Structures are given as C-alpha cells and as structure tokens.
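Student: Chain A is already provided as a structure; the job is to place chains B and C on it using the hints.
One letter stands for each residue in the lines below.
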Amino acid sequence: MTTARWLRPTRPGQSPRLEYGADYNPEQWPREVWDEDIRAMREAGVTVVSLAIFSWARLEPTEGRYDWSWLDEIIELLHAGGIAVDLATATASPPPWLTTKHPEILPVDREGRTIWPGGRQQWRPTSPIFRRYALGLVRAMAERYGHHPAVTAWHVSNELGCHNVYDFSDDAAAAFRTWLEKRYGTLDALNEAWGTSFWSQHYSDWAQILPPRLAATHPNPTQQLDFKRFSSDALREYLRAERDILHEITPDVPVTTNFMVMGETKAMDYAAWAEDVDFVSNDHYRLPGEQTLDELSFSANLTGNIAGGNPWFLMEHSTSAVNWQPVNLAKLPGELSRDALTHVAHGADAVCYFQWRQSRAGAEKYHSGMLPHAGTDSAVFRSVAELGETLKRLAPLQGTGRTPARVAILFDWDSWWASEQDSHPTDRLRYKQEALDWYSALLKLGVRADVVPAAADLSGYGLVVAPILHVVPQQLRERLDAYVSGGGHLVATYFSGIVDQDDHVYLGGYPGALRDLLGIRIEEFAPLLDGETAPLSNGTVGTLWTDKIQVTGDAEVLATYKDGEPAITRRAVGTGSAAYVSTRLGPDGIAPVLGDLLEQAGIGSELPAGLRGKVELAVRGEYAFVVNRTAEPVELTGLEGEAVHGSAELLEPRGVTVLRRA
Amino acid sequence: MTTARWLRPTRPGQSPRLEYGADYNPEQWPREVWDEDIRAMREAGVTVVSLAIFSWARLEPTEGRYDWSWLDEIIELLHAGGIAVDLATATASPPPWLTTKHPEILPVDREGRTIWPGGRQQWRPTSPIFRRYALGLVRAMAERYGHHPAVTAWHVSNELGCHNVYDFSDDAAAAFRTWLEKRYGTLDALNEAWGTSFWSQHYSDWAQILPPRLAATHPNPTQQLDFKRFSSDALREYLRAERDILHEITPDVPVTTNFMVMGETKAMDYAAWAEDVDFVSNDHYRLPGEQTLDELSFSANLTGNIAGGNPWFLMEHSTSAVNWQPVNLAKLPGELSRDALTHVAHGADAVCYFQWRQSRAGAEKYHSGMLPHAGTDSAVFRSVAELGETLKRLAPLQGTGRTPARVAILFDWDSWWASEQDSHPTDRLRYKQEALDWYSALLKLGVRADVVPAAADLSGYGLVVAPILHVVPQQLRERLDAYVSGGGHLVATYFSGIVDQDDHVYLGGYPGALRDLLGIRIEEFAPLLDGETAPLSNGTVGTLWTDKIQVTGDAEVLATYKDGEPAITRRAVGTGSAAYVSTRLGPDGIAPVLGDLLEQAGIGSELPAGLRGKVELAVRGEYAFVVNRTAEPVELTGLEGEAVHGSAELLEPRGVTVLRRA
Amino acid sequence: MTTARWLRPTRPGQSPRLEYGADYNPEQWPREVWDEDIRAMREAGVTVVSLAIFSWARLEPTEGRYDWSWLDEIIELLHAGGIAVDLATATASPPPWLTTKHPEILPVDREGRTIWPGGRQQWRPTSPIFRRYALGLVRAMAERYGHHPAVTAWHVSNELGCHNVYDFSDDAAAAFRTWLEKRYGTLDALNEAWGTSFWSQHYSDWAQILPPRLAATHPNPTQQLDFKRFSSDALREYLRAERDILHEITPDVPVTTNFMVMGETKAMDYAAWAEDVDFVSNDHYRLPGEQTLDELSFSANLTGNIAGGNPWFLMEHSTSAVNWQPVNLAKLPGELSRDALTHVAHGADAVCYFQWRQSRAGAEKYHSGMLPHAGTDSAVFRSVAELGETLKRLAPLQGTGRTPARVAILFDWDSWWASEQDSHPTDRLRYKQEALDWYSALLKLGVRADVVPAAADLSGYGLVVAPILHVVPQQLRERLDAYVSGGGHLVATYFSGIVDQDDHVYLGGYPGALRDLLGIRIEEFAPLLDGETAPLSNGTVGTLWTDKIQVTGDAEVLATYKDGEPAITRRAVGTGSAAYVSTRLGPDGIAPVLGDLLEQAGIGSELPAGLRGKVELAVRGEYAFVVNRTAEPVELTGLEGEAVHGSAELLEPRGVTVLRRA
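So the protein sequences, as listed, match chains A, B and C. Under my numbering, the first residue of the first sequence is numbered 18, with each subsequent residue one higher. Under my numbering, the first residue of the second sequence is numbered 18, with each subsequent residue one higher. Under my numbering, the first residue of the third sequence is numbered 18, with each subsequent residue one higher.
Worth flagging that the hints you see were computed from the coordinates, not collected in a lab. Remember, it's a predicted structure, so these values are computed and weren't measured experimentally. Even for Gly, the Cβ is constructed at its ideal location relative to N, Cα and C. Check each hint, because a few of them may be wrong.
Unchecked claim - Here are the simulated distance ranges between beta carbons:
1) A:120 <-> C:268: 32 to 38 Å
2) A:629 <-> C:664: 56 to 62 Å
3) A:589 <-> C:399: 30 to 36 Å
4) C:49 <-> A:479: 54 to 60 Å
Claimed, not checked - Cβ-to-Cβ under 8 Å is the rule here; a few derived chain B residues that face chain A:
5) 212
6) 236
7) 445
8) 546
9) 548
Claimed, not checked - Listed next, the stretches of chain B that the computed footprint assigns to chain A, with coverage defined by at least 3 CB atoms under 8 Å from CB atoms of chain A:
10) 217-224
11) 516-524
12) 663-675
So here's chain A without its partners, still in its complex pose (with noise of 0.2 Å):
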C-alpha cells in the first residue's frame, strides 16, 4: 500500500460510518427509474454507489466524442440524496467501435485463438493501443467529475484479470521480454534459471523468447512460473498507469480497484497489488459446497492481511444467487446478513453488492441485486434494507483494525502457482484446498488464525502454519529458521520447501530448505493414486500424498503410517519447534493434529468449550463478532459484553451477533 487511505468524506463534517451500497448502472434504465432508485437507495441506508463501471461505449459514444449529460444528470441527482460515488474510470470493457478499429487490441489465448468482443473485458493487458484510448478516458473522467464533491474515491477499470490476466499475442510477448530483461539482466542469468540446457531450449538472443503458447508437450516450467509472474505484473502496470493520471489530477481522491480474493481465482498476485491502491478493495462471492462458509471467513481475513490492518471495501457480493455458476442458489433467510457482517468482521468498512438494481437483460440478468425483478415488495429488498440499519448501528466501528490472532496461516502465490504446475509428482494437488482445510481445522477448534502472505512480519504469531509453501526462495528460508529459533513453533506440509524461486529443486534430499529445521529427509515422494488411502497411527487417514521420511536428527514421530514409517514429524528448536505432516489429512484430520501442536505451542480457543466449531469468532479491538456457522440457533453462554447486534444469549441460525467488550 502506498499509504493507508480511507474514502475522501463527501459532507463536512461527515461522522465515521460504514458504508453500504452497490454497483449502480443507471443508464441501463428509463430516465424515469432513477427518482424511484435514489428513493429506494435511501429507503435501504445505502451510503455510496459505483457508477459507470462499465459506460465507455456510452461516455464516448464514438472515437473522441464523449456524452457526459446523463453521468452528470445522475452524479448530481446521487449528491443531492446524500449518496457518495466511487467513481469508476470506465476502462473494464471498450466499446464496439474501438475494437472495430483495433482489432489488435483483441487478446490471443494460449491456443492462438483471437477473444472476440461480445462479453466483456476483451483487451490486451499490454497493448500500447489500447492503454493510450483507456488512459484518454482516464484523464477525461478525472478532469470533469475528479473535483465533484460526491466523488468519495476512484474505481480503477473494474476485477482487473477477471477474463484477461493471460494474453499470449505478440504484444504479451514483446512486454514479457522486456519484463524478462528487468528480472534477468543477461540471457546467460535467463538460461540458468529456466535450465534452457534442457531440451535445446538455449535462447542467443532475447527476441526468441514467446510466452507458453500451445507447445508439444509440458512447457519450460520456470518460462510457464515467471509467465504467471509476468502476466499479474501487467495488469499491476496497468493498474498503476491509470492511477498515476488520477492522482495527478486529484491528489486528494483516493484510489482502488476491486480484487477478487475468493475461491480459485489465483492469478493475480494480491499481496504484491495491495502496494499500488490507497485502500483495498474486493470482490467475493461464495460457491456452494461443505467449506462454503469456511471459505467465505477465509477469503475476508487474507484480504484483512493484504490490506496490513487498514479498513477495506468489500466492493462486490451478492444479495441472494449469481448467474455464472453451474447452479446457483438463491441465499436462505439469514445468509444476506451473516455473509455481509463476516466480512466486516474481518475489517470490511464497507458493505457492497453487484449490482443495486437487478437487471432485465443482458449476460448477468439472473444475478441478484439490492433490488430484485419482484421490485422493492420482496423478501430481499426488506433484508437490504435491515441490514442497512445494522450498518448504521455499526457505525463506531469503522476505522478499527481487526485485531491479529495467535495463529498464522501462510499464504504465497508463487508457491501456488508453482506447486500446480504440470509434470509433477501429482496433478491432484490443490494448493488452496490444503491452505483452506487448515483454516477449517482452525475453525472446528475455535482457533482464530490470520491468513497472512509469506512476506508478512511472524514474530507476533505463536504458531505458523506453511501449506504446500513449495517455493521457498533463500531469504523465506532464513526467515523462518529465525522464527522457529526465536521461539516460534512451525508445521509444514507435504511439497514445501522443494524449489527455490527458479523452481530448481534442492538437492540432497527433500524437503531442501527446510530439511535441516524439520529434521528430516525424503528420498522419494510418494503420492496415492485416486482412491489410495493411507491410514495413520493417529486414526486420521491420508489421501493425495505420503512421503518416505527418514528422521535425520532429533525431531520425533508423531504418527506413522501402517507399516511404521513415520507420516508426522516434530523437532524441538529450544523453546520452538518444526512439524511436518507428510500427507492430505483434510479438516477433520487436521483438527486433532493442529490440536496437539496448539498445545505445545500454549495457544487454546478464545471461545467456551461448547461454542467451538459452532461459531466463529472474530475480533476488531473491543468489537466481537460471533458468526454461527450452522443452521441452528446457538446459545451463547461464557461470552463477555454488550451486543450491539444481535442478542448476546441466543444466536438465531445463520446469524451473528456483535458484542461490544469494554
């Protein structure tokens, strides 16, 4: 983060206030609609909207002609109701006429096959073109609406990477090798760290170089890791190209762009984007499934991480079901409210859905909004407009941190991308998964955990756990070795600690770079076949991957596999110590192993023994949000403070009640 920022206040002497709202499209409506929309918006509490997120190819109708009437008409009708704008710059998709023009602005995938307009984000990362009629816009945007007081912050282009993030057109490839040349210096220091000794893959001159296009069979894996690398770096360039010409304009306007820390989506490195918004923002939206709300909890405390404590805007979730998924169900009675103030609790100042008003046509009409198809007489718009009073009663909240746990879980992109590469032991491996089961584990025991990049400062935490932490360059080694001998208790799983950030493997035995912390050696890995099970000492049972571990010091046997040898291991470092667990022992395998390991460490459950795994606990300063996590109602016995929502005794099923603690 550049600096720690909040929104630009629209009012003076506006009071703090968490802020509630929505992506808002008026121009997909009648004029007419609009008096009814800011009459509804304020029925609700909404506080701020997004606007004209995706309105290039109504703003500048034609090349060079813009039409701002109806952008103006609606900024002043949103000012005048009390109702701030986040500003977008209208980039996230260009309009008909430029792709007509430019069709070399298309992006090309990995196949060689041309991304045709039709959808949305249909656009180059890197392409020179493009970025010159984008930032045209950008500064356009700034220079009329940048000093409007109902601006309260800009919005830059919109899920950056949502549909683009890897372009491998000739423009990707002329980018990646400049990107190349800052990284590597020489093509002697690029030959090394791609092993291009390896099938005749040696480049003498730099313009050989191609991103992974469709090849003949597993692609260079350091050119496939540094490619990912690359490819979340152009759309960071991009971001910040954009956000210079803002703050030139209105230094006092802050900027952000809505991430998407949720499920799968891995490509952009977020940890390293936060540095280049003034607040982070993102986007969430939960998939069905047992670790749905696991998932949610997750999501909202790794992007607390990213933003290093400071308030961030939960720019984009859902009021009921989207439309993009292969079922989508519409939320239970509850869900609108728990969803919202989880991620509140996890440092969210501000509350926000796609999209305010439901639309009638086009690719996401099936998606839900604060105001739905059956129009303001439903269950839904009666739910936003609760929540709106929750918000306003929540209000003292904002602007305080989220208060760290004891527990960190790492979290690294690079180890992500790396550990899912192809022509591995395994191509089952999923690195969140892992990530997320120990989180889940965490969850089952009452445990709070921070989910924190690998960069992140350790030595407040009294145990880290590394998932699949694959990557670990030298200087990741070292500090790590420093936290298990200042004290810190360490667990690493399978896969960790294997190549260093060129992806060649250490040699000697696995885990390199950590064999000597852990205390162990592995000759061979051992991953199981769909459907192989190995059972454990412990009455946990593996899945996925075992491995041969040979004790090499003084760590000891936590568990064995069936004939003996060991699976989990432990090795006392003064008053630290580093474990490993050699296998996929999922949530419920987890829970009893972190247990102990929570033991030695002297970290137990901030919760009374019987609200543990039923509710989640999450901490801002004196604020305790208490999220139940199951469909029954909850009572709450042994918890301190006032509730300030919900009721201190009795937690209604999905919902959550916030106490305030002196």
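Tutor: Frame of chain A, contents of chains B and C only:
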C-alpha cells in the same frame, strides 16, 4: 407451407399408395450391381428412391463440365422398373475442386477454426460464392431432369444445417447484420433489444456487430438468441433460393427437404421452415434409453403437426443400427416394422430409409441399409420385404389426415433456444426433455396428445401443456389468456413466462407474463443442486428446480413442498383453469398430477384400462394404430375395428396392429 | 532390419557384456559435477551413455556457429573412464534461433493450431527447411565424432513421433500427396480406394487432397487410415535420411533410434520401422494398474520379435517414478531390478535409463534417474549399483537369442489404426487392450507366447491368436488359410476379418475374409452398451461386443449366449482348427477358453502347476528367466538349472531368478 401438395404421379392413373424406399447411391457401386438393385427393390416393394444426394462431385467433376451419363442411365432403369425418383439437387456437399478454388466458402466455427473438407456440408450457408455455384447446379439439374416422368419430387440439398448451421465467418457476420437491420430497423432499437448498456456494448455502427464468437465470458444473451434465429433463417433463405429455381422451371414438381425433427437437434425452427416446402419430410433416428419409443412417437407427432395435418414423407430412418452413436445397437425383431408404422400412425405417407444398399466404404459403411452387407439372404432384407407388403395393404390410408387429440403440448423453438442459454439459474435445464416427459406421462395414461408449435390454433384442445414456455411475447400471452378465458385448461411449468421476445425479464415477480393468469408470484428461483431432491406432499419428488411461490389470488394449492410452501397450483378461471408445476417431476411424477388435471378438464383415455401404458394409440380417421410399447405380447380386448395389419386379438412383442373402424 | 548388427566395440578385445547406462545430459550441470558423474557411473557399473540428445541449441548456439568444446571434453572424459558413447545426432528439438527464423517448420494440428516452442519436438516431419538444417547438423556431428573410438552407436534424433507424428500443415499436405501418388499411381485408383463417391468427395486433381483436418463430421475413413500410414512413413523417411548420412560417413558405426513400444503409443508402425535401423532400441514406461506387469512383458516381447530375434537395446526406462502420468508412483523395492531383467528376459542386451542424473530444473525434474536428487546415498542409487553387478554376472548371455514360444499373438498396426476409427459399431473398442488380455490369460496359464507382427512367419507356432485382426488383405487371408490347412490352430476375435487394406467391407456376411475359414456367418454386429453384459454358457461373461453367429458348416459351438445362440465356435480343419470368440471376455474369461484351445493344439505350460500364474517364464537359449508376478515370495520347485541370478529355491517378492539349464 406455401401449398399442401403431395408427390407428382409418375404413371398415369396411379393409385394412392404409401411410398416406400430409400436414399439410393448407385454411383458407389459398379454398373453390374444396378440391375440387381432394381430387381431387389421390386422384391422389397420399393416405390421411390432419393437420388443424387451427394453426387455433385460426380455430376460436375470439374468446374462447369457436367457428366450426366450415369444419372441418365439409372433414372431410366428406375423408371422402367416402376420406381419413382425423389431427385436431390445434389448441393449437399461441394466437390473438392470448389473448396480448393474457393476456400472462402468453408465455414468457420465459434473458435475461429476453419471447417475443412473431408466430411460433408463444408459450406457457409451465407456464402455468395457457394450460392452461385450451387444454384448453377440446381438450375442445370432442373433443366435436365425436371421434366422426366420418373421425377416425383425435388429434394433440396440434404439435412440442411446438420453440421453447418452455426457459421461465424465474415460472410455470416455480414448476413447477420443484414438480418438485424431488417428485424430492428434502427441501431437504437437493436441497442435497446440487446441491452447493450450492459458491459459497454453499445453499437454506434452496424458494421461493429459480430456473431457471438469466442468471447472472454458469456456473450450478450440477446445477441446469442438472435444469432440462433438468424442461423435458422439463413438456411431457410438458402432453401427458398433453391426452391424458387425449381418452381420456376418445374412448377408441377413439388419441392421438399428433409428436416431432422429428432432428439436434441434444435437449431432449425422447423415450425417456420414448413412454410417453405410443398410437403414436409423428416429424418428420424432413435437413441437408446428408457424413453426411446416415447421420443419416436413425440417426433413423429410433432412432424405431423408441423405438416399441418397434411401427409408427410419419412425421408430417412434406419432398418437397424446407425454408425454415429457411441454404441450402435442393431434393431431387435419387430422393431423395423414397429418404428416405420409409428411414423405412419402419425401421418407419414412415405417410409424411406438411409439407405438402399449398405455402403462397403466411406464414413457410413456401418450404417444399416435395406440391403445389408450380408445381402438379400438376411433377416434385415426379409423384414424389409415384409414391411413392403404391409405398406401395400395400408395403401388406402394415403391422404388420411391425423385425427387431432384433446391434449396439446406446446413446443417452441424460441423457448428451447432461450431457456438453455448460459448464465441462467441452472445449466442443467433441458427443454426438450421436459416436453418429452409430459408426452411420456400421457402415453402412460393412455391419452393421445398433439405436440404443436406455439403458434398453433389451440381452440380445439381441452388441455394445453406449456413445458418451460420461457419466451412469451405479448401476443402469445394474450392468446393463452384468451384460451383459458374461453374455458381452456392450461398447465405451465417452471421457468415459463419469464421473458419477452428480446429475452428481457418481465418485472414485478415471476412468471411475469403468466403471473396474473396463474394467480401466483415468485420472487426468486430455487434450482436444486445435482443429487438434491424436493419431495412433494402428493408423493412425487422434484429435481432440478423449485420456486418459492406466493399464491396471490384465488389459486388453489394442489401439492406442497416439505416446508408447506406451494409446489403445484391451479387457478380456476370460469370453466377453464391455469395450473403451475414448479419442479421437474419426470414422467412418473407427472402422470398422477396430469391425471387429476385431465379429469378436471373432462378428458379421458380412449383405451381400455388394461391397455393404457402398454400400447400407444394413434388415429388417422377410421384407422386406429395400436403400437406395443413393450417387449411382451399384449392381449387386445375392448378395441373395435377390423385388423388390416396385425391381429385384433394379440399384439406381438414390439408389434403394431392397425384397425379399421368403419 | 537392413542388417543385424550390434554395438561397435570401443576397446580392443572387449568381451561380450550386457550394456548398462542412461541418457546423460552433462550440459545441464556445472563442469565440476562431471568428474563426480564419471566416478559414480563406474561405481554403478555403467558401460554406455547416450549423449547430446537435446543439445542442438548448445552445439549450434547461433546459425552455423558450432560450439563443440564441451562435448569434446565430456566424450574424452567418458572414454577415459571406459564408458562408451551412444551418440545422438542432437536433432530431436530445434533451437530457438531456428524456429524464430523459420516459424514455418512448426507443426500445425488437426484444428489448425500452431505448435509453438517451449516444450520439445516442435518440427514438422516433412518440412524441407527443418530437414536441411537438421541434416546439416547430422553431417557435422558425424564428421566430428564418427571416428572417435568412444562412439559405439548412433542414436538418431529421439523418440521420433512422440509429439509431432500427426502434422496437418501445408508441408504435410504436399508430402501426403506425394505418398498417395506413390501408393495409388492414379487418381482413379485413389478415388476407388477412398470410396469418394460417398459424400461428394471425388478428386479431379491431386492438389485437391488434404490431410484429414478438422471437418464438419467424420472424415473419410480411408483418408484417415492412409494419413496414419503416411504419418508413420514420413517419420521413417526422415529416419532414413539421417541414417544414410551416418552410414555414408561412418559405415562401421551402427545406427539406431529409440522406439516407443509401450502402452497406447500407436502411431508408429515399428514392425516396419525395424527395417530402417541396424539394431532395434526401445523406450518403455509402465502405467499403474492391474495389468502393468503383463504390459511390460508384452511390450518387451513384441520388441524382441520386431527385432527379429536379434539383440535389442532398452534405451529408456525409469529407475522409479516418472513425471508425465497423472499420479507418478515411485517403484517399490525390487521393482527396479525386476523391470530391467524382464526386458533382458525378452532379449534386451542393453539396459538404459532416462536419465543418469535427475535434473534439478526443467520439465522432467521429477522424473527419477540413476542418480536421484537425494544423491548417491539413496536407496535408488544402491539398487542401481546392485543391478550393475547383476548385469555383469549375466554378461555371457549377450547375443543369446530368444527361444520362440509355441503360441503367437498377432499384432498389427493397420488393424489397430483401422479398428479404432470413428463411426464404427462401438467407440469403446480398444485393440491393444484385447491383445493384452490374451497375453495376460497366457501368463495366467503359465504358457509362453510371442507377440509378433502380422507379417511374421507363423509356421513354427502351434496356436495363433488373432485379436481384432480387423484388416485382412487378400495375402494375409491366404496366409491364415494356409496356416490352418497346414495343421495350425487359429483363434480370432470379434471384428476380425471385416475389411481389406482400403477399409472396404468384405460383403456377404461377416467376417468376410475369415468367413469360410471359421465356418460362420454374421449378419449384424451386436455391440453392448456400457454396463451391459452377456453371460456365456461356459460361465464367462462378455462385454463390449457380441455377434449373432450362424454356423454355416461343420463348426462346433464351444459356448453359447443366454438365448442359446453361438458365442464361441471352432471349426476343425484337418489336424488344424479355426476358432472364433465373439465377445470381450477379459483375461479371466479368456483363460478357460484358451486352456481348452491349447489342449486341443497340444500345447502345455513349461512351468510346474504350482507356479503357473505366479511367475512369468522367459527363455533365452539355456537361460530361463523366472519373474515373480506377485508381491509375495514364491517357492520354486520343479525347475531345473543353476541360478546365475537370484535363488533357485525361493523367488523374492518382485524378484527374478535366472537359471542356466546346461
């Protein structure tokens, strides 16, 4: 249908007859086989063959040089043998010289891939170059053979759209724009209909519009829907272009083309296409599965209704196995005859096969024929000859129209296309399957039904079923209102009445267009995940979909979900009614619901109770067809009439009895 | 095979030995590692390494500029260390500078997609430009190193066709036409063979012919089959081009290339390729599954037969896990030795691995090597050294030919290619699987078999199995007739004898080419749906396929289907016989059927009854290899001979005993 016509007689004083025959490809065989063919055709009772369907490359071996000799000869031989010729225009597949000279006639798929020669139908429906060459051949064919007495009908191309209906080439883009200009008149109207304010898709010039090529995410849904309409229309336009030449040169020879009303073939709106032919022809192939016989009857019935009650021509089906399914089953004893007579039962006055003599080479050599690889000394050929005898006995039937049923099932291509588009509440929904399930339920109940296009006159029907009638333009809405007001009984299912012709949602609560008529209001859809079920109070079990229904007026609740909320409703409207089924029940679940609705509509089975479900009844005037739906013998009691085929007492396994009820 | 040759000795007076070694890629490692490599190779007993396989980019770093220094040095080091060099021509993967300068050498796939660099083998087999550059390198290599005493053999390219066998580029189209002109002479002959009267595919000019690129539907089957033949031949032609240069410059150095007789690798007709090398080499990797050991033996056996009884070279297999399977299993104790010795048992006189030292970077870094990441202090390296000792003990075996079995299984690439093409009675049929099932059944019965190309001399065999011998040209038909007439016993399965060399069906009833010989006639195929089974009267159960068989002569019925119709037949012909199995029985179902047929053919097991199924027996002259097929120890009783490896009494789990029977 421009006019209702039937085959031109090829002999003076020719008696009415049911036609019998096949595609005939003599050019695949040495000359000496031809005489044997004619002899065996006569033995089998063949009256007509389709000639020259894939003969372009043999008739015009190099550009502009025609070789008619072999076709001249075989037409003479056939005519001398008393066999009429349904003469193809031979344009189905362009010859290699044409695609070599003009590769720009090759189709391009959604991903930009060229569709190369090697198979068949490798031409763009909208290619002006293809059209020039193809129409040249049509004219040459018409001039040479149009006045030959053997020619009983023209067969335009073949299975138009089987492989090339969706073409995304630049030719298609240009034609799509022309079609859109005609539909919308102005760009403003198109922008409004397509909802282009969404995702910055506003067009400022017609030239910016493209087919929905591979995009970054869901393309605009109305663009998709219009492209489906356009693609169907583009082929219709091509059909009319061939037809007009044929009409011009040979006004006395009727023109047809073979539709593919079957299975999941959905890209051609045959209800509209029927206007462009002098009589309807159809190709039908069964797929294995529990509903294989139901689908056969459904398709034959729908074809008969598309033909408007006029005789239609079964242009292709198979004597036994086909070659294009994953596993291709041979027909069991009795199935050859049963399948053919099921089509006759629903109005077919011609029974033809692909193909006469099974090929020994090429892609369809494992597709069965009338004369199999094994030769005339074979079970298949004996069954073929036996069916020839049967059809002779049934000759008096020719021209006898289908006797309408009391129940209609609406079948609507717009709803099929729109309801299965992407970004919907569920991607599991299958339009055709739901319609078929209602048809299967009626077969179980022994109640005849007509599957009719949505534009059909409903006034004669006592009950109308509207399965997933998703697209309800204002006019259709008024027709349904009027039908019920006039005492008709309507039952609609989930996801009906949701959008107008532009795929815009009717606001205020679902199902907007039918909300008042049904007396219900739905705020949110509640689709089910795979494996989820919704038990109903009437003992049936829903899958796929549910709704949260509010009864808004005087509708009664016929069945509820477990939580007591309405699942099936019915609103009495004068002597009529409008019912709603909010979930997928499948044939077994529909049957009891439908039984009650039929009873209230005063519609009963025409079959004795003991036969219902075991046999299918179809009626053509005084002829009743009784089809055994089982593999067991069925005793026929309680049926009146004299058997003109089969036994009036005992229906053989897979057998058909035809009764004449004077 | 042009001539049967073996490695050139690199030392005067060199004794016969079994070669031992690996691919060696010193250029991936710093210079200081090389000395350690030589030392460890000597410790392991390495006698030969393959050098320079992917070294083009290092040997010719820019066009025309060669850098031989590192290769000069390592060859000297190896030679000094007593290690021979199997020198690659280094053409397997073109360097980046070449594909940058000439992107027109990149292959194009069926869908028109360019195959880009990044992996390996990104070259069109028919590219004249690639050939010019590659042959230039071959000549330079031969001139520089061909007379070095360390060079024991030439290794042409590497795994020719592993990724690039099917190329659909314009180069391929041109070469395909040339190949077709040579095969057919006239367009008339081609049109007849391809059945182009079907679907209007008649060619009037050679230039119209294309590879079977992406088409609208099933491309012409003979075009597909010929393209497979051509593609195999195009690579053979390239192989010969390299070989001819090598023979010209170094007539005394034998030339080989590594085949891939393994698993489902089917695109190269290695029975034909064997003619083009001086000795046969093979690469083999096991896949997990029940038949993994059977497949290992099957492939080794087939390789031995392709080699015509001459010694062959196991160029690659793995010491433990590979990297390209979905899940890559490490080998269990004993498997390293067992796998290697199984190849030796079937005639391999050289045992080599990919690769010497496991890579630390690149796409194959998780592929095991002789010297693993863990270093020499590892179980793998100890097993490697132990195997080196074993091979030394087995040195006298060198040059001892395989002792033919009494049973042969015909293995025919034409039938493999043709029987699995599209638009067939079922797409579930798997040629190789059926052949393997018969081999597995023979292993269960303890009966040795030879897997031989269809062109092999059958006269020595008592029983010949023809699994899915689909393509039976007239000559093969006559050979089979003669074999049976001469007292041989033949058993053929379903879908055999159906088509001639042009994929034209033999008419009059299936299996046309074998109808008279088998004494049966089939009118229709009756494939089974997934999950369907066909119980037989002999207690076995068929899947996949059945036939409706008429016994036309004196054949007896050995087993029937449930309906009493024949399932397995056998016709005695003098002292010989011809049997037919009409369904897929799997190894367990085949075993009893085969047991009876073997008995009638007078062929018994060479193993004591107690060992049958538990061990595999392979014989090379006076040496008997007994391979434990189980993970349990097996007591060896009733076997004669002195153990030269392993114990004559007890066969260890996964162990091998080699007996010398003087």
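Student: For which of the previously enumerated hints does the structure constitute a violation, in increasing order of number?
Tutor: 1, 4, 9 and 12
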